Structure formats: C-alpha cells, structure tokens
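Q: Each chain, written out:
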Amino acid sequence: MSDVVEKTLSALPSLLSLDSQAGPGKLSSSSKLGNLIKGITELTSKHEEEKLIKKELASLKEQVASPNTTMRQMKEIMVRAIYCEMLGYQASFSYIHAIKLAQQGSVLEKRVGYLAVSLFLKETDEFLLLLVNTVLKDLQSTNLIEVCMALTVVSQMFPKDMIPAILPVVEEKLTHPKEIIRRKAVLALYKFYLIAPNQVQHIHSKFRKALCDKDPGVMTASLHIYLQLIKESPESYKDLTGSMVTILRQVVGGKLPLDFNYHSVPAPWLQIQLLRILAYLGKEDQGTSEVMYDVLEESLRRAEMNHNITYAILYECVKTIYTVHPKSQLLEKAAECIGNFVLSPKINLKYLGLKALTYVVQQDANLALPHQITIIECLDHSDVIIKRETLELLFRITNAQNVTVIVEKMLEFLRLTSDDYSTIDLVGKVAELAEKYAPDNVWFIQTMNSVFSLGGDVMQPDIPNNFLRLLAEGVDSVEDRQLRLFAVDSYVSLLQGETAKLPQRFLQVISWVLGEYSYLREEDSDPGSVMRLLARLLDQRHTSTETRSWVLGAMTKLCSSPVSVALARDVCERYSGSLNTVLRQRAQELMILSQDTKLRASVLPAEGRLESLEVDSSLSFLDGYVSEALAAGAAPYKSPHQRQEELVQEKALSLEPYGLSLPVSLSSCSITDRLTDRQSPTLLSMSSGLSGNSTELSHKEGSTALKLDGVKRVWGKDGYLAQQQSAGETPIPQVELPSPLLSPQSPPSQTQKPSSGPEPDQEKRQLASSLFVGLGSHNSVCLMGRAEPAPRHFRRKPRGESSSGASEGSSDSSHSSRSAAVDNLLLSNLLDTTTVASEGGAATTTLQQTSQRTLDHTTSNGSPHVEGTEQRVEAGGPLSLIRGNGMVAVVPPTHTRTDPQTQPDLHPAPALERPRDLPLTSHLPAELSGLARSELTTLCSDHDPSLALSACRVYKEDALVLLVFISNNTDSTLHQMALQLTCKELEISCISGSPLKEVKGHSVSVCLHTVVMKRASVQVELAGLLSYQRPLGQPQAAQFSLSLSLKHFLRPLTVSTGDYGKMWLSFSHDLKQNLRLVTTEHQEPLTATLDALKGKLHLHIVDVIGSEGIVACRLLQGQGQGQPCLLHCRVHADSLAVWLRSPVPELPDSLLYHCQKALTET
Amino acid sequence: MARVETCGSRLLRRLRFPIDQSIMIKAILIFNNHGKPRLSKFYEHYNEDTEQQIIRETFHLVSKRDENVCNFLEGGMLIGGSENRLIYRHYATLYFVFCVDSSESELGILDLIQVFVETLDKCFENVCELDLIFHVDKVHNILAEMVMGGMVLETNMNEIIIQVDAQNKMEKSETFIFQSPRQDR
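If you read the protein sequences in the order shown, they are chains C and V.
Start counting the first sequence at 1; every next residue gets the next number (UniProt numbering).
Start counting the second sequence at 1; every next residue gets the next number (UniProt numbering).
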C-alpha cells in the first residue's frame, strides 16, 4: 500500500507544474486558495513569500470585515487563513470570525469554524469564552455530527473555569446509544480530568462503567483515563488488576471482533495500553504481579509473528516483565526477546533492543554481557541515534574499571557531533562519570578539560560550578594540593597556546582556578607569568565581557608581586574607563586592592577561601528601607518576569470587576490576581520588594563574575550544600535500587562471552574486554548494578577525614555507611523516598529522619491523618483545668513534642485516655468518635460531690464541638436540667437535639454545642450555668467557666500555591514580626519551625521553597468556611520573619500571639 | 533539605508546563522535502513563534537523516528533549512526524502513522501532496477521527473512513442544496 502512496507522491512535482489541468477536481485552481498556493509555489525567496502572504492577509481582512460576506464565503476565507497561519503568519483578525462561523454556520461551515478555532486559539485564550454557549448548544443537538464536533473541540481545548457549565451534558453523553459519542465523551472527560481533576472527582464511577462498556472502543478510550489514574496512584486501583488481566487475556485470545485486527494481530494498540497499565499496577507489588504472570507469558508467546506491530507488543511486554515483581522464568524469556531485538538487522528493532538493555542493565549489568560484540558494533553504527543510545547503555554499566574507555568513547562522539542536545546530554554524563570514577588526578583534569572545551557554552551551568566546588572543597591535604596544582599547570599551558577556540565558560573556570591556586606553583620563578597570561586573555577580542570580569577578579587575587602590581595598574587604566559598569567596578577594585596590600590581605585572605560567608540573598537588611518606601507610597518591586506577565495580561481582556478597593501599596498588584498558577511565593515576596530574585538571576546567567570568590555556594544540584558537607562526613555509599533479580537467577550464559559472535576481530575483542570489565562473574555477589571495588568519589571528598585519623576513620565510616545503606534500602523500599539515600550518616539518624518524613507524608496527605495528628498534638498541649472556685489554671504540657521520634505513633488515642475517662468517652456520639479531641477537663466537681461535670473539645472540620458530660453519682434522678453557655465572643449553638430534662441515677448525659468565634481573639472565657433539681429539693445551679483559645478554632486551610498567591494579594490586614527559630538536630530550622507551628496550631504548610515557607490556616468564624489567614515565613539570620495577612483585622494579631507561644514552648 | 529542593524544582516544573506530560501525542507535523509545512497540529500549548520554531527544528532534524536509519529521534531542544520523542516516516515528498511522550510505544506510533497515511490514501484516492495542500480542512477532519486531544481515538482504518464518510455525505447534500456542482468528494 505504501508503495502506491509513494508512487503518487513522487509524481507530485510534475503535477505542480501542470497547474490548472492537474488532478481532476483536486486542483480547483480557479479558487482563491488555489491562486494563493500557486502564487506561493512560484516564489523563490522567503521575502517574496512574506510579501505575498501579507497581501493575502490584507485582502482577507477586508473581506471578513465586509457585511456582504456570506457564511459560505467565510468558510473559504477560513481555509485560507488556516493556510496562512500554518505558514507562521498571524491572522488574528479572523479569530472572532472563526468563532462566529462555528456559532452561526450550517453544519459544514460550522465544522470549518470549529477547526479554525481549534487551530487558532490556545487554551488560555479569552476568545474561547465566546465559544462556550455554542459548544453547549451543539452538545445538546440532535445532529450526531454536531455533537461529535463539539466533543472534539472540547477535548482539544476548553477554558478551565467553564467546565462546570458543560460537564453535566458531557457526562450525559456517556450513556448515549451511539458508540462513537460515548467514546468521544470519555476522552473529553479525560481532558477535563487533566486540566481540572477536582471537577470530575464525582464521576469516577462512570469511568468504571465506561471500562465495562459493551463496545470495546469505549473501553479502549477509558483506558487512557485509567492509565493516567493508575500512574498517579497505583495503590487505589489494585482491584482493577483482575479486570485488566481478563481484558488482555480476551484480546490476546482473539475474542474481539475481527474488525479490531490490524495485520491479523488483535487490537495491538489496546494490548500495548493494557500492558503498560499492568506494569504500573505490578510495580513493586508481588501479589498483584503474580496475577498477571500467566497473561504476560501468553502475550509473549502469541506475539511471535513477524510484523512491526507484534514487535511493538513484544517490546511493551518485555518492559512490563522487567517492571513488575520479577519471575525468573519470564525474565529469561524477556532477556531472550531483548537479545533478538538487539541482534535484529532491522534498525528500529536494534534501537529498541538497546533501549531495553539500557533499562534492564540498571537492574542487572550482566545482561549486557552476551551482547558485547553487538554493542561495540553499534558504537560505530552509521546512525547517530543508535550510537547515542549505545553510549547511554555504556553510561549505565560504567564502573571504576571501565570508566576510561567509556569516557573516551563518549568524548569521541562529542568531538564529531554538532547537535546541541547530544552535546549537553553527553557532556553532563561525562562530567558525572569523571567525578564518580576518576582513577587519578591527571585523568580527571584532562577529562574535565575536554568536557569544558567540547561542552562549550551550551552545557549545563552546574558542571563548571560543581567542578569549582570540588576543587575548593576539602582540606589542604597533599592529594587536594596535587589536584589543584595539576589543574593550575594544565591551565597555564593551555593559556600559553591558542586560546581563541576555548569556550567562554572554560575561560571563566580557568581564571577562577588560576586566581585561587596559582600560589601553589612554588617553583615558579617568574611571579608575573600567570598575571601576564591573564592580561593577554583580557586583550583578546573574542573574550566576552563576562569572562573579562572573571579575569579581573582573578587578577585581583594575584597581584602580590611588584611585577603583577605594575601589570595590574596597566590593566586598570584601560578598564576603569570601560562602558560596562561591571568591568569598571572590577577594575576599580583591582586598582585599589593592588595598591593597598593590607586591605587586600583582609579582603582576600589566602586562607579564607573555605570560610563560609553568609549571604543574605533575600536582601532582608533592606526590609526597613522598603517598608518605609512603601509607606511613603512607593510602588512595590516587581521582577522583570512579573512585569512581563502583567504586560501580557494588560493586553488581554479584563474579567475582573472594577473597583477592587485595595490599599495603596497593593493596588498596582491587583492585576497579578489573575496569574493563578504561575504565581509562586517567590514572586509574591518580590512584589513586596522583600526578597529580590536579582541574585538568583545572576546565578542563572552563568554565575557572573566573582560570584564564587570566597562565597560558599549554599545550593547545588544535590540540595543544600552546607548540610551535605556536614552530613557527608563519611563517604556516601552509592545506593542502588534493589534489584528484582536478587532471586537466584544466574547471569545468563557467561560462557558465551569469549566465543559469541562469528570470529570478532582482535580489536573488538580487546575493546569488549575493556568495556565490560567489572561486569563479569567475579562479582556475582554484587548483582545489583555497578560493582566497583573501591569507587573513588571525587565529589564527595570526606572533609574531616584527615583530622579523625586516616585509616581508622575511613574503615569505621565505611562500616557505618554500609549499615546505613542497608537501612536506606529498606526504607526507600517502604517509603519510596529516593532522597533518603542521599542523607547518609549513621543509621539512626536516617531512621529518625525517615520517621519524620512519614509523618510529613501522612499529615500532608489528607484529612483523616490530620485528625490523628491533631489529637496527638492536643494531648501534648497545655490543658486548662477548672478548679472548683472557678479559677483557671493553665497546666503546662506534660511533655513537649519537639522530637518526632518520641511520638508513640499516629493513633495514640487509647493510650492517652486515663482509665477513669473511659466510661465518659464511651458516651461520645458515634459521629464524633473518629475525630480528634482534647482530654477531658473536669468542671466544678467539688461543688456538689454527687454531680460531676466534665468537658471535652472535639475538633470538627467546620466547628469546635464542646461536649459537657453530666454524671449523676447518686441514685436519684435529676430533674429540670438546663445547661446554659454564654460568651459574648462566641457563637454557641446546641446540637444535642432536645435539651435534656433529666438525668437518671448513676448515668451520664452529654450536651453537645458547636462553638465558633464571632471575632478573633486570643483567648475567651466561656461561662456556664447548669441548673437542676433533685427530687424533693430546691432548684440548684452549678456555675463553671471554661477558657477556649484561638488555636482551638484554627483549622488547616488547604490551598494551592497559586490560590495562596491570589489570596495573599487580596488581603489587606497584615502584620510582620520576627519569631524564634526552632532548631532540632535532624531538620532544617525552617522545616522544624513550620512543623512545630503546624503541629500546635493546625496550620497547613502550603509550600516550602529555599528559605521561605508559606503556611495557611482558617479561623472558624460565623457560618461557613471561616476566615483565612496566610503566613509567609522566611528565615533571616537566626530568626524567622513572619508576615501574616488576613481579611480580618484581629486575626493576624491573635494568631501571632499563639505562634510566639507555640515556639517558646517548643 | 533535599525535600525542599525537590519541592522547589517541582514548582518550577509546574510553572513551565501547565499540563503535565499525560498527553501522549504532543504534535503532529507534516512537511515536504523542502520543509514547507503541509499540516501542523499541536495538542499542547505553545505560542505561535515556538510552533514555527518547532516545525523548523523538526524539519532540520528529520531531513538530515538517511533513508536507512531508524525512524525515531530524540533531541529537539524545543519539543524533543528527554521527555519527548519524534517518530517519523518519510513518503516520497512528505515527512509525517509525530511528537510523542517518551513512554509511548515507538513501534505502535510508527504503525499509527501508516494507518493515517493509508486512510488518507483511501479518502483521497491516491493521496498526494496537493491533496494535503488543497484540502487541509479535510485532512484535519480525518486526523480528528483518529487522534482526539492528543489521545489515540481510533486505530481502525475502516472505522475512521466510516466516520469521515458520514460527514462527507452531509457535505454533499449541503453543496447540492447550495446549488454548487463542485466535484468534491
């Protein structure tokens, strides 16, 4: 069939030249589109094309504006506009007409209108709002084609906010008699799920129905949804495993109608989809995996015909087998399959084979062994994609023994490639391997030199940064000195040669290293030689301004000898007049420092390189100035990014109502309200001018001049570096993923190693032995991944090693780290937190950290867990006891809970209750029993020994429920009971149904009241009066009082960062204060503090970024959701700068009081 | 602290990609041997300039590939990267390129392109480049029956043709009403 296509397509050029007579009916050259296209094909230059299209667009614009244009003509115009847009010329004037066409045209015109809309408009376009009604109308149309069109356009794009408007109609279509409509409706709903998951939450059951639809097409469509859902949370859909397996078995068994066959393979795409779903379901789950073994085997067996599409199924099958819990028998077959792929002469299959190998060698490097020769052949393959995939595979099996060969191969490839993507990718890999496995200093420096010169200016900026940090880290041991000295020497010789070809980044690295470590060249007789080289670099035309400022920075460090000073003066004269302010600044610095030796020694001390400097990147020392300026009416600072956004927004239609009354300082920000998802808290603080990202920006711009000079980098690829260094006292073990192949499967056919392949020539064999060294049988113990006897981790150089005694210390640390690794393995299995592995350190620490994480996990996950925590926290908090005389005594908590590991567990409820409480709590209404509650407080028990009153608070999501237990300890019944609670700050309503009348002897009654605050206040007193009458007695009354604090009325407010940003800008009452930071051993101060606040005050931590955290809570007030309060916390020196905002004036004050209290108690 | 870092980078990623990579087909491009676009359909949001850049870059990547190499490519800076993959087929004067999520089955997509071309061939009776030029709207309609919102809707050629035919029938009746004896199929 494709031959036919090719034949006709190859006849095309002749067709084009024939113009009007060509193709009967195909070329309606009389049409305007025909003319346009003919015009374009005749053109020779891009410029002419532009002219022609501009003309065409102008004429289109005229036509659409004309009132005489019919819908039919409009349709033709739209097709021409589509053509122009496709060529990259904007026809924005036609957008509105496209919508009109979709609205008003007949079915046929409508179709073109919809098509044009879906091609012209983007999801975010405001024009789309105009389409909502049309879509709605068409969805309800009786014409199936119109319904189909509407569903198609909906699945392409639809304004998120308008989904509720059409959701019910689309939902309805799930039960439409026509299969095609049901299918399209399912996909439309999937699209809704992707853009607004919350809105389709309620129809998950309907998805299930779609999965069970009698039409396989609808079922297939629903698999798209399930693939996504299962990918997101496999745990929730384990129950579907059986169904999926059954479906796959039926498909594989050919139970589907023959229509579904493609090249006599039953529904191949469906099979692929199902296999992928099974992979997600069976991943790390033995039980689930066992269910699917049979069907996987059957798939493998059935898919043995020779067609492209069967290979697709086979490949997916192999991937699934290697993803799910391993079964040796299946793995063998899969390995065999991979072998067939790799050896296949078909290049597509070879590619997939290599990809599969790359995937599986991460679990068992030995799987690569049988294919050594093929892999080596692929290294020299004519297809670069194959070559690159092979290098990727080699990257995965690199170890300390084969690193030199593999890196050499990679560099070879790099020298030949001109493609940016491969360069960036591979350069990163080489740098990683070099840092991890470098056999010696010389090799390391040389390799990094190649990386820098080949990677040029496209490589990731963290490569040079990491490299410089690596050089700077570590103590001045002999080894470090050697490394640095070698780097200096090699750079000096590089600079002596031709420098024009060296990339700017490399030159920057060179100048930094020379500036820092040139003093190591002791034998250097000529003190000014390095200086001269740098000066020469400075003079060269190709040197960029940024590099020049690096060079000047280096010179500043070097100008110690008289020769250098003279040189420096020379340079200064030239650059102090530079137009570039940075260069001028540097030149001035150089000038002054070179003349004043003392000053230079204090500014740039030779030994001070490793001292960490505190950098306040948020510029918080300017806070006072900023708030003064703001108070004086200055506009808040906006980052360039934000300004850009606003410009874009201003151009768009404004959907905001007018007259938002915001305080002066905020009014100019109001437009950012609409930047929903794109608003980050960093932006937020920038809008206030508190923490500029100017520093961040300059980091990004390739670490501008001298950024690294003496300044310790706090953030790096692996997270917070300072922490890492302290945590990384011991070499951190490389923690591999636990291999599913730990089962006693022997490495497949190692005997093949020498004899495989038809007489491979000597060279290849040699290469093979050097490439695959370290993968052989001798380390079969170490089945998981790379096995290196003594990997030399360049990066993680133990800092304190020399101080703690060389040999002893290292053996010790390796031991402890191994045990840590084991723990890590276990834990990472349990928790799926890969970060655990990077923590290192003693096993116990890891455990603690992990337990902390578990808590984080559970608390952040959803309400049921939160309740558990609340309960625990409450028990630890201060509890007020009311004495008989009505005095309130605040009893300090019995034990504070700063350390997470001291917390017993997440469900400590039974343990907390004192035995004597048990009878009372058993009176708790069922609907409240699952909720978090406080301990029982006794109220005025000694007023009348025969009557005991106790109170208990239950924290409901929307209110505080106050329970008063009235226990009658006498035989006689109490009559005329009435309980009255009064407090002017609270809104109290009784929910226990009819107010109780009597309490029988030796029984307990409970009164339930919901309490919310009228206005926020730190603490309120609740007065209670219980009146009752004993038989034959006088009416009596018992008074009591109860104090409730603001924190009892706080609930976490779960908002997204985007919503937080919106809310932040709309709240007018704010308050700033510095609070004490909580310091614990295992946590960042910020995290620890926020966790403490969260635990004590039921706050919700929205996001933590760097040294800033945003937190939200709401106060139960009046009816409904209550009043929000937002906190923006930033670590500043050793305190926490908190900025509270709320729509209610009193709330920030009161909340701040409780925050202070909570932190002092911690 | 590693947690904080991942949190930050996750936030960044969210800012960069409004919709995550759960859409399997990101874009479908058809251009001729000279890089002239014949059809472009994006299922993910890019601005116009980026779209044009993607077309140019894709053409640049695809056109320098020999005939006897594999049909898969990764490495477009704009749409490729490690997240995505380009899968293409070359027919005489035209390149059909699907840009898909990297977890997508490469061979499956390759055959999907074949199904697409075969369907075009059936609908246009020996399809050629000119059909794609002059009937851009029809090609889009055929594609819409096959891929909807970036998801594969139908892989069966006959089914696709039935749907397209149903629409064309209506088109015929309408053109008849409007008394225009054009020889459209």
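Do not take every clue at face value.
Listed next, the in silico DMTMM-like pairs over lysine to aspartate or glutamate satisfying Cα-Cα at most 25 Å (straight line) [claimed, not checked]:
1. C:Lys-346 <-> V:Glu-118
2. C:Lys-137 <-> V:Asp-137
3. C:Lys-38 <-> V:Asp-137
4. C:Lys-61 <-> V:Asp-137
5. V:Lys-36 <-> C:Glu-392
6. V:Lys-169 <-> C:Glu-392
7. C:Lys-32 <-> V:Glu-44
8. V:Lys-169 <-> C:Glu-179
9. V:Lys-64 <-> C:Asp-383
10. C:Lys-122 <-> V:Glu-118
11. C:Lys-178 <-> V:Glu-48
12. C:Lys-122 <-> V:Asp-49
13. C:Lys-333 <-> V:Glu-104
14. V:Lys-64 <-> C:Glu-146
15. V:Lys-41 <-> C:Asp-383
16. C:Lys-231 <-> C:Asp-259
17. C:Lys-55 <-> V:Asp-137
18. C:Lys-231 <-> V:Glu-118
19. V:Lys-36 <-> C:Glu-126
20. C:Lys-100 <-> V:Glu-48
21. C:Lys-346 <-> V:Glu-74
22. C:Lys-75 <-> C:Asp-125
23. C:Lys-178 <-> C:Asp-259
24. C:Lys-100 <-> C:Glu-49
25. V:Lys-64 <-> C:Glu-392
Hints listed in this document are in silico derivations from the structure and should not be mistaken for laboratory results.
As the structure is a prediction and not an experimental result, all values here were calculated from the model.
Q: Determine for every hint whether it applies to the structure shown.
A: Hints and how they fare:
For the hint linking Lys-346 (chain C) to Glu-118 (chain V), the alpha-carbon distance of about 22 Å falls within 25 Å, and the restraint holds. At most 25 Å may separate the alpha-carbon atoms for a hinted pair to count; Lys-137 (chain C) and Asp-137 (chain V) meet this at roughly 23 Å. Of the supplied pair hints, the one linking Lys-38 (chain C) and Asp-137 (chain V) holds, its CA atoms being roughly 18 Å apart against a limit of 25 Å. With a C-alpha separation of about 20 Å, the suggested pairing of Lys-61 (chain C) with Asp-137 (chain V) holds against the 25 Å cut-off.
Under the criterion of a C-alpha separation no larger than 25 Å, the hint pairing Lys-36 (chain V) with Glu-392 (chain C) is inconsistent with the structure, at around 34 Å. Proximity of Lys-169 (chain V) to Glu-392 (chain C) is assessed by CA-CA distance (about 52 Å); at most 25 Å being required, the pair is judged violated. With a C-alpha separation of about 31 Å, the suggested pairing of Lys-32 (chain C) with Glu-44 (chain V) is violated against the 25 Å cut-off. Annotation: proposed proximity of Lys-169 (chain V) to Glu-179 (chain C) holds, straight-line Cα distance about 20 Å (limit 25 Å).
Between the alpha carbons of Lys-64 (chain V) and Asp-383 (chain C) the distance comes to roughly 11 Å, so the proposed pair stays at or under 25 Å and holds. For a cut-off of 25 Å, the pair hint linking Lys-122 (chain C) to Glu-118 (chain V) is broken: about 30 Å separates their Cα positions. Between Lys-178 (chain C) and Glu-48 (chain V), the direct Cα distance comes to roughly 37 Å. Violation of the 25 Å bound is thereby established for this hinted pair. Taken as a hint, the Lys-122 (chain C) and Asp-49 (chain V) pair is honoured in the structure, with Cα atoms around 13 Å apart against an allowance of 25 Å.
With a C-alpha separation of about 23 Å, the suggested pair Lys-333 (chain C) and Glu-104 (chain V) falls inside the 25 Å cut-off, and the hint holds. For the hint pairing Lys-64 (chain V) with Glu-146 (chain C), the CA-to-CA distance comes to about 43 Å; that exceeds 25 Å, so the pair is violated. Note on Lys-41 (chain V) and Asp-383 (chain C): the hinted pairing is violated, with a Cα-Cα distance of about 28 Å set against a maximum of 25 Å. Straight-line distance between C-alpha atoms of Lys-231 (chain C) and Asp-259 (chain C) comes to about 30 Å, which puts the hinted pair past the 25 Å bound.
A hinted pair counts as satisfied when its Cα atoms are at most 25 Å apart, and Lys-55 (chain C) with Asp-137 (chain V) qualifies at roughly 22 Å. About 33 Å separates the Cα atoms of Lys-231 (chain C) and Glu-118 (chain V), which puts this hinted pair outside 25 Å; it is violated. For the hint linking Lys-36 (chain V) to Glu-126 (chain C), the alpha-carbon distance of about 31 Å lies beyond 25 Å, and the restraint is violated. Proposed proximity of Lys-100 (chain C) and Glu-48 (chain V) is supported: the alpha carbons are some 22 Å apart, at most 25 Å.
For the proposed pair Lys-346 (chain C) and Glu-74 (chain V), the alpha carbon gap of about 19 Å is at most 25 Å, so the pair holds. In summary, the hint linking Lys-75 (chain C) to Asp-125 (chain C) is supported, as the alpha carbons are separated by about 22 Å, within the 25 Å threshold. For the given pair, Lys-178 (chain C) sits about 18 Å from Asp-259 (chain C) by alpha-carbon distance, which is consistent with the 25 Å threshold. Between Lys-100 (chain C) and Glu-49 (chain C) the alpha-carbon distance is near 29 Å, which puts this suggested pair outside the 25 Å criterion.
Note on Lys-64 (chain V) and Glu-392 (chain C): the hinted pairing holds, with a Cα-Cα distance of about 22 Å set against a maximum of 25 Å.
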